[in-house]
Amino acid sequence: MTLLELEDVTASYGPVQVLDGVSLSVPENGAFGILGANGAGKTTTLRAISGAVRTGGRIVFDGKDISGMRPDQVAALGIAHVPEGRGSFGDLTVRENLRVGAYLRKDRKGIDEDIDYCLDLFPNLQDRIKSNASALSGGEQQMLAVARAIMSKPRMLLLDEASLGLAPSTAKNVYDAIRRLRLESGIAMVVVEQNANLAFTVVDDATVLETGRSVLTGTSAELKGMDEIRRAYLGG
Amino acid sequence: MASSSKTSVPTTSAPASSATSSPASSFRQSPWVRWGAPLLLLVGLAVLPLVMTESANDTLARIGVFAVAVLGLNVVMGYTGQVSLGQIFFLGLGAYVTAYGVSQEWNIVLVFVLTCAIPAVAGLLVALAAARLGGLAIAMVTIALPIVGVPLAKRLSDFTGGSQGMSARFVAAPEGSGLYDDQWQLYLVLVIGGIVFLLTYFLVRGKYGRAFAIVKGNENVASSMGISPYRYKVLAFTIASLIGGVSGFLYMVVVQYTSPETMSFGHSIELLVAMVIGGAGSIVGSILGGVFYVVVPDITNAIDPSLTALLQGALLLAVLFVLPGGLVSLPRAVMRGLRRSSAGRGSAAPPTTPSSTPGSGTAAEQTETERHGHA
Amino acid sequence: MNRHFGSRHAIGIAAVSALALTLTACGGGGDSGRSGDAAEGAPSPGITDESVTLGITTPLSGATAGPGTCTVAGVTAYFGMKNAEGGIEFGDGKTRTVEIEALDDTYDPQQAAANYDSLKGDVFAMTAGLGTPTNRAWRDAAIADGVPQALIMTGDPIFSDTDESPMQLGFVPIYQNEGEAFGELLAGSTAEHKVAILSQNDDFGEGYVEGFKSAIEGSDNIEIVQELTYEATDTTVDAQITELASSGADVIFNAMSVTPLTIAALQKAQQLNWTPNWFLPSNTSSPGAILEPGGAAAFPGVYSVSFAKAPASPAFAQDEDVVEYLAALKEYGNYPDPPAFPHCQWSWMVGATLEQAFAEMEEPTRESFMEALRGIEGFEAPLMLPDTSVTTTEDGQPAVSTVVVQKYNGKGYDTVESFE
Ligand SMILES: Nc1ncnc2c1ncn2[C@@H]1O[C@H](COP(=O)(O)OP(=O)(O)OP(=O)(O)O)[C@@H](O)[C@H]1O
Ligand SMILES: [Mg+2]
Numbered sequence: 001m002t003l004l005e006l007e008d009v010t011a012s013y014g015p016v017q018v019l020d021g022v023s024l025s026v027p028e029n030g031a032f033g034i035l036g037a038n039g040a041g042k043t044t045t046l047r048a049i050s051g052a053v054r055t056g057g058r059i060v061f062d063g064k065d066i067s068g069m070r071p072d073q074v075a076a077l078g079i080a081h082v083p084e085g086r087g088s089f090g091d092l093t094v095r096e097n098l099r100v101g102a103y104l105r106k107d108r109k110g111i112d113e114d115i116d117y118c119l120d121l122f123p124n125l126q127d128r129i130k131s132n133a134s135a136l137s138g139g140e141q142q143m144l145a146v147a148r149a150i151m152s153k154p155r156m157l158l159l160d161e162a163s164l165g166l167a168p169s170t171a172k173n174v175y176d177a178i179r180r181l182r183l184e185s186g187i188a189m190v191v192v193e194q195n196a197n198l199a200f201t202v203v204d205d206a207t208v209l210e211t212g213r214s215v216l217t218g219t220s221a222e223l224k225g226m227d228e229i230r231r232a233y234l235g236g
Numbered sequence: 001m002a003s004s005s006k007t008s009v010p011t012t013s014a015p016a017s018s019a020t021s022s023p024a025s026s027f028r029q030s031p032w033v034r035w036g037a038p039l040l041l042l043v044g045l046a047v048l049p050l051v052m053t054e055s056a057n058d059t060l061a062r063i064g065v066f067a068v069a070v071l072g073l074n075v076v077m078g079y080t081g082q083v084s085l086g087q088i089f090f091l092g093l094g095a096y097v098t099a100y101g102v103s104q105e106w107n108i109v110l111v112f113v114l115t116c117a118i119p120a121v122a123g124l125l126v127a128l129a130a131a132r133l134g135g136l137a138i139a140m141v142t143i144a145l146p147i148v149g150v151p152l153a154k155r156l157s158d159f160t161g162g163s164q165g166m167s168a169r170f171v172a173a174p175e176g177s178g179l180y181d182d183q184w185q186l187y188l189v190l191v192i193g194g195i196v197f198l199l200t201y202f203l204v205r206g207k208y209g210r211a212f213a214i215v216k217g218n219e220n221v222a223s224s225m226g227i228s229p230y231r232y233k234v235l236a237f238t239i240a241s242l243i244g245g246v247s248g249f250l251y252m253v254v255v256q257y258t259s260p261e262t263m264s265f266g267h268s269i270e271l272l273v274a275m276v277i278g279g280a281g282s283i284v285g286s287i288l289g290g291v292f293y294v295v296v297p298d299i300t301n302a303i304d305p306s307l308t309a310l311l312q313g314a315l316l317l318a319v320l321f322v323l324p325g326g327l328v329s330l331p332r333a334v335m336r337g338l339r340r341s342s343a344g345r346g347s348a349a350p351p352t353t354p355s356s357t358p359g360s361g362t363a364a365e366q367t368e369t370e371r372h373g374h375a
Numbered sequence: 001m002n003r004h005f006g007s008r009h010a011i012g013i014a015a016v017s018a019l020a021l022t023l024t025a026c027g028g029g030g031d032s033g034r035s036g037d038a039a040e041g042a043p044s045p046g047i048t049d050e051s052v053t054l055g056i057t058t059p060l061s062g063a064t065a066g067p068g069t070c071t072v073a074g075v076t077a078y079f080g081m082k083n084a085e086g087g088i089e090f091g092d093g094k095t096r097t098v099e100i101e102a103l104d105d106t107y108d109p110q111q112a113a114a115n116y117d118s119l120k121g122d123v124f125a126m127t128a129g130l131g132t133p134t135n136r137a138w139r140d141a142a143i144a145d146g147v148p149q150a151l152i153m154t155g156d157p158i159f160s161d162t163d164e165s166p167m168q169l170g171f172v173p174i175y176q177n178e179g180e181a182f183g184e185l186l187a188g189s190t191a192e193h194k195v196a197i198l199s200q201n202d203d204f205g206e207g208y209v210e211g212f213k214s215a216i217e218g219s220d221n222i223e224i225v226q227e228l229t230y231e232a233t234d235t236t237v238d239a240q241i242t243e244l245a246s247s248g249a250d251v252i253f254n255a256m257s258v259t260p261l262t263i264a265a266l267q268k269a270q271q272l273n274w275t276p277n278w279f280l281p282s283n284t285s286s287p288g289a290i291l292e293p294g295g296a297a298a299f300p301g302v303y304s305v306s307f308a309k310a311p312a313s314p315a316f317a318q319d320e321d322v323v324e325y326l327a328a329l330k331e332y333g334n335y336p337d338p339p340a341f342p343h344c345q346w347s348w349m350v351g352a353t354l355e356q357a358f359a360e361m362e363e364p365t366r367e368s369f370m371e372a373l374r375g376i377e378g379f380e381a382p383l384m385l386p387d388t389s390v391t392t393t394e395d396g397q398p399a400v401s402t403v404v405v406q407k408y409n410g411k412g413y414d415t416v417e418s419f420e
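Chains as they are written, first to last, in the working numbering: chain A, 1 to 236; chain B, 1 to 375; chain C, 1 to 420.
None of these hints come from the bench; they were simulated from the model.
A few chain A residues that face chain B, going by a derived Cβ cut-off under 7 Å, partial list only:
id, residue
1, 71
2, 72
3, 76
4, 81
5, 87
6, 100
7, 152
Think of the CB as a built atom: it goes at the ideal place given N, C-alpha and C, for glycine as much as any other residue.
Produce the entire structure from the sequences given, and follow the hints as far as they go.
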């Protein structure tokens, strides 16, 4: 069953149209990748889903048209956005940041369990549990951002370049954790990545954006096999 | 979560580890202290007005007035991180509503309700417009409030008495109570102010308070978590205005006179200074802010009336250098000093990081960022 | 987590309790000292057989500190001089020295009320403080407590209304007095005059205009051709001046209390080649601070009103009053510089007027003092200009209600008898 569906979505910042007809479909428990060059509109697509930018076309989540909703309303439906550049509460400790993520939840016991789960998923965070978030490394902050999104117990995660600025081994750790999360929790995902190799470790299907338009959509396996994808995004 | 971890690593909670760390903290956590202190305070406050001199009662009542005003400012600024330079306007508005209502001989309960409602509505309207703008725009709009308020109050002389202001002596001690007026006024301030403090305490400790803290921390993250920054900013501003209105009512109870000068811009800055000195984002800090606002001019007056401005500035700088988290962080700073010196003697006390829920227990740190951010 | 919170709060509460208890301790306990308890005829607070203490709350810091400091300096210098001579003889036969306790209110009504509260138990009377809101803030309280609020520096008429203000008396002329004085001079002119009015849109401007109009009522040689207002917060009055310039008026009645605006108005008129006779209120007519920078010499006449000799004026350089005053200000008033505001002179006169009242006061009580204070007639206080005097017997008028009109001579002012 389809959880999220984008139909011919357009978006603009003021007079500048940035998305020019993006369509994609993510099934329940599915994971979908968005690839593309810098400035292609990947981030904007995620912002369109989470309501942070004005859009045209249709965005349907769980059978409900969510285009035009405010970000907080979208979030309340269970879509958790891990934005590019992370953004955590530097003044708060790691544990406090995780609790903030659970803001809309009321199940105290479940929250404590999920904190333990996140720390298990990202053992680096376990070691820094009492540190202020501002004292974390870039990789640790990325993990914290993902973990905080998990804490809201979402039905769908929107991940924006989780590998950005990380050493290859750290990026791999992060994606390993994301894959495990997907397997264990079944949370659906939209994964934006420059590094297609990493993305393909998680997603089933993906689309390639070029100047605001989906130019190519297929399964991971199909895309991996294509020459132009290989040349452009897989380093060979 | 569908599959919560079966392999969860046991975690020690912060309070559990700090509970055993030092005799000082176990003293703090003894139930006698926890329940005894508030009880002592309550009894103390009930008896205080009866045993103090008239002038001490007056001073305490004025502290109450401005503590409430600072508390309101704290809701929007200390807790929600929105710079407001207009808090004095709402105090002034509340004072004028009270003075006008009394002059029209309206029922005092009605006057009080209006004193809450009118500033709250005014604050709501300002916030609806200003909170959309974000960033420093809110600060700019709030600067305009006292700047527009003063000439407006002079202009609307049918309601405000113009630049000659309005007197309202409406709080005489009830016949037969055996109380002096100053005692009665102080009781009113203690009861009304106490209720406002209690309600605000629950507000900022509860769900709304956490939302305020999240909005303050990072607006984008807030909305990605289902918290509308706009809505909570408007809410915080409205509550701050309402509390400002109540402080205006109390101002009339104690000072019994208001004029355009009451809401001049300088006082708005003084309120802000009092908030920072007391401790931003802190309930107790608001009280200390009120103490600062009222007592310091009295002290500097006693030292040398011609140097009051200079002495106050010096005091402000001194507090900020020694206690960047405000006066409210004094006990913690002292504890830290003690710990450090005892650690220096070799008895290795385990470091205890003060842990707390988001945004509420980290007053000191937040104050720091706040200053860097807005100064 | 909650437990931890509780403890944090326990500390805070304990701290507040401690503070409260300290306050109690400082207060000394007991419910003594509440005002209004004094028995009939017993000496009022603040007076002994040797001395009497007066209280002042006035702005000593902030924007109004300049005039505010003067309100303390003059009266302190006056009694400092008298104390050095052995004190002042009171109506009850005792000779007392006079002490002054002054507090800063920064022109904040709330602080003024607090200052009053802290002074009222220790002082015999309050006096000389500057400001309408700051004096209004504790007017009711002073009445209720029976504390005199005598000879204060505000042009607000309420303080001169005996029914409304039984314990009060203003010292300086009310705004109406000033407008009236100029109106009378103009009405007495032999020529016809067209008057333009530019006034501040508040009780200050309204008071001047009201006084002016009442004085010219019925004189058919005066016509008001145009009347405009501005807000005290405006940053320019160019538009108003331009409009008034085209009215053809030969006199402008300019009730303005803002220094930079006054300078700008004078300059703007010159730019427009409009050079009427110009009237300015006493507090915005300083030769050095306003007229010179405004280029006032370009106008045929710039008029203002006064009741005090200007110590800076060469005409009074050798004047006995002025010499004595300047010496005392330096020695006893803690004011080494030449006085920058007329409030210094006014405050000195307040001292002299208080001495008059003390001399007539038969009992060391506040009631007796108020009675004596209200019995002064035609007293020519030191530094007063000829034809002005202190009269406290007229209800509705401040202690000084007579002012003389003066004309700018390029340096200072000369008193004029008629308008040419
Ligand atoms: N706030 C904005 N205002 C105006 N234009 C914007 C804004 N944000 C992005 N753009 C423009 O929209 C286009 C798409 O941007 P977007 O951030 O979606 O690209 P992206 O695919 O995420 O790129 P990258 O891989 O560099 O993150 C770019 O041309 C960008 O310059
Ligand atoms: Mg991007």
